[in-house]
Amino acid sequence: GENVEQHPSTLSVQEGDSAVIKCTYSDSASNYFPWYKQELGKGPQLIIDIRSNVGEKKDQRIAVTLNKTAKHFSLHITETQPEDSAVYFCAALATLNDYKLSFGAGTTVTVRA
Amino acid sequence: GAVVSQHPSWVICKSGTSVKIECRSLDFQATTMFWYRQFPKQSLMLMATSNEGSKATYEQGVEKDKFLINHASLTLSTLTVTSAHPEDSSFYICSLAGDPSYEQYFGPGTRLTVT
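Chains as they are written, first to last, in our numbering: chain A, 5 to 117; chain H, 51 to 165.
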């Protein structure tokens, strides 16, 4: 099955700086890679996603890059703000696997004011 | 994206009793729904996948007789934790996906505490 590894487990950044979270996956059949933000006591919220036919996608301060050859993808948050503090999860999905998502372990991001 | 609700948002029950958690899609017809369990400071663990009108498919290690899932319609799925024990205390989250759709939309979660 798919194995997704996520690093770092915790990340502390100064407000205004950038944050980068990296994930690797094992199943070459995976073709959809979403990122979720989870605030304390709430369900995960999709913040950005990328499909395997695209190398990069950007939405305002958030961007995701995908390297299919190396089987890794990254989340980039620029100009971080205190409200960006949360746990972020990467995930991978192989449509051959009944649309099941495999999640990374999560990264706790703290933005210092 | 789709709007997903869960009820209740939190529940406390005594050991040995059963608890039902509802997951509703408010604006989206979900062919497939997923149930996850999340322990504190851990990632989401998929428990089962349910398709409307058919039996749920459980992940390895998840007891199907303990966690009963009913996907009765395209907008409602329920998870019943039978004979709950303290080790079942967790955050239960549902998600739904359309057909065909890669995207999953998550509910707000239900905090279950078994005393």
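It is possible that part of the hints are untrue.
Stated by the list, open to error - These stretches of chain H come out as covered by chain A in the derived footprint (C-beta under 8 Å, 3 or more residues):
#1 71-80
#2 122-134
Claimed, not checked - Label pairs and their in silico Cβ distance ranges:
#3 Pro-58/H - Gln-49/A: 16 to 24 Å
#4 Thr-114/A - Arg-161/H: 17 to 25 Å
#5 Asn-120/H - Thr-112/A: 49 to 57 Å
#6 Glu-87/A - Asn-120/H: 16 to 24 Å
#7 Gly-66/H - Arg-116/A: 23 to 31 Å
#8 Ser-59/H - His-11/A: 26 to 34 Å
#9 Thr-14/A - Ile-62/H: 38 to 46 Å
#10 Glu-87/A - Pro-158/H: 13 to 21 Å
#11 Lys-46/A - Thr-67/H: 21 to 29 Å
Claimed, not checked - Once the Cα atoms are required to be at most 30 Å apart in a straight line, the calculated DSSO-like pairs of lysine-lysine come out as:
#12 Lys-104/A - Lys-116/H
#13 Lys-105/H - Lys-46/A
#14 Lys-41/A - Lys-62/A
#15 Lys-91/H - Lys-70/H
#16 Lys-26/A - Lys-75/A
#17 Lys-61/A - Lys-104/A
#18 Lys-41/A - Lys-70/H
#19 Lys-26/A - Lys-70/H
#20 Lys-64/H - Lys-46/A
#21 Lys-75/A - Lys-91/H
#22 Lys-91/H - Lys-41/A
#23 Lys-62/A - Lys-75/A
#24 Lys-91/H - Lys-104/A
#25 Lys-70/H - Lys-114/H
#26 Lys-114/H - Lys-104/A
#27 Lys-72/A - Lys-61/A
#28 Lys-61/A - Lys-114/H
#29 Lys-46/A - Lys-116/H
#30 Lys-62/A - Lys-72/A
#31 Lys-105/H - Lys-104/A
#32 Lys-105/H - Lys-64/H
#33 Lys-62/A - Lys-46/A
#34 Lys-61/A - Lys-91/H
#35 Lys-72/A - Lys-26/A
#36 Lys-72/A - Lys-104/A
#37 Lys-91/H - Lys-46/A
#38 Lys-70/H - Lys-46/A
Derived from the structure by calculation, the hints contain no laboratory data.
Ideal Cβ placement from N, Cα and C applies to all residues, glycine included.
Do the hints match the structure? See the list:
| no. | hint | verdict |
| --- | --- | --- |
| 1 | 71-80 | violated (count 0) |
| 2 | 122-134 | violated (count 0) |
| 3 | Pro-58/H - Gln-49/A: 16 to 24 Å | holds (20 Å) |
| 4 | Thr-114/A - Arg-161/H: 17 to 25 Å | holds (23 Å) |
| 5 | Asn-120/H - Thr-112/A: 49 to 57 Å | violated (35 Å) |
| 6 | Glu-87/A - Asn-120/H: 16 to 24 Å | violated (38 Å) |
| 7 | Gly-66/H - Arg-116/A: 23 to 31 Å | violated (46 Å) |
| 8 | Ser-59/H - His-11/A: 26 to 34 Å | holds (32 Å) |
| 9 | Thr-14/A - Ile-62/H: 38 to 46 Å | violated (31 Å) |
| 10 | Glu-87/A - Pro-158/H: 13 to 21 Å | holds (18 Å) |
| 11 | Lys-46/A - Thr-67/H: 21 to 29 Å | holds (26 Å) |
| 12 | Lys-104/A - Lys-116/H | holds (22 Å) |
| 13 | Lys-105/H - Lys-46/A | holds (28 Å) |
| 14 | Lys-41/A - Lys-62/A | holds (16 Å) |
| 15 | Lys-91/H - Lys-70/H | holds (24 Å) |
| 16 | Lys-26/A - Lys-75/A | holds (11 Å) |
| 17 | Lys-61/A - Lys-104/A | holds (22 Å) |
| 18 | Lys-41/A - Lys-70/H | holds (27 Å) |
| 19 | Lys-26/A - Lys-70/H | violated (37 Å) |
| 20 | Lys-64/H - Lys-46/A | holds (24 Å) |
| 21 | Lys-75/A - Lys-91/H | holds (26 Å) |
| 22 | Lys-91/H - Lys-41/A | holds (14 Å) |
| 23 | Lys-62/A - Lys-75/A | holds (19 Å) |
| 24 | Lys-91/H - Lys-104/A | holds (22 Å) |
| 25 | Lys-70/H - Lys-114/H | holds (14 Å) |
| 26 | Lys-114/H - Lys-104/A | holds (18 Å) |
| 27 | Lys-72/A - Lys-61/A | holds (14 Å) |
| 28 | Lys-61/A - Lys-114/H | violated (39 Å) |
| 29 | Lys-46/A - Lys-116/H | holds (25 Å) |
| 30 | Lys-62/A - Lys-72/A | holds (18 Å) |
| 31 | Lys-105/H - Lys-104/A | holds (16 Å) |
| 32 | Lys-105/H - Lys-64/H | holds (28 Å) |
| 33 | Lys-62/A - Lys-46/A | holds (25 Å) |
| 34 | Lys-61/A - Lys-91/H | holds (29 Å) |
| 35 | Lys-72/A - Lys-26/A | holds (14 Å) |
| 36 | Lys-72/A - Lys-104/A | holds (19 Å) |
| 37 | Lys-91/H - Lys-46/A | holds (13 Å) |
| 38 | Lys-70/H - Lys-46/A | holds (19 Å) |
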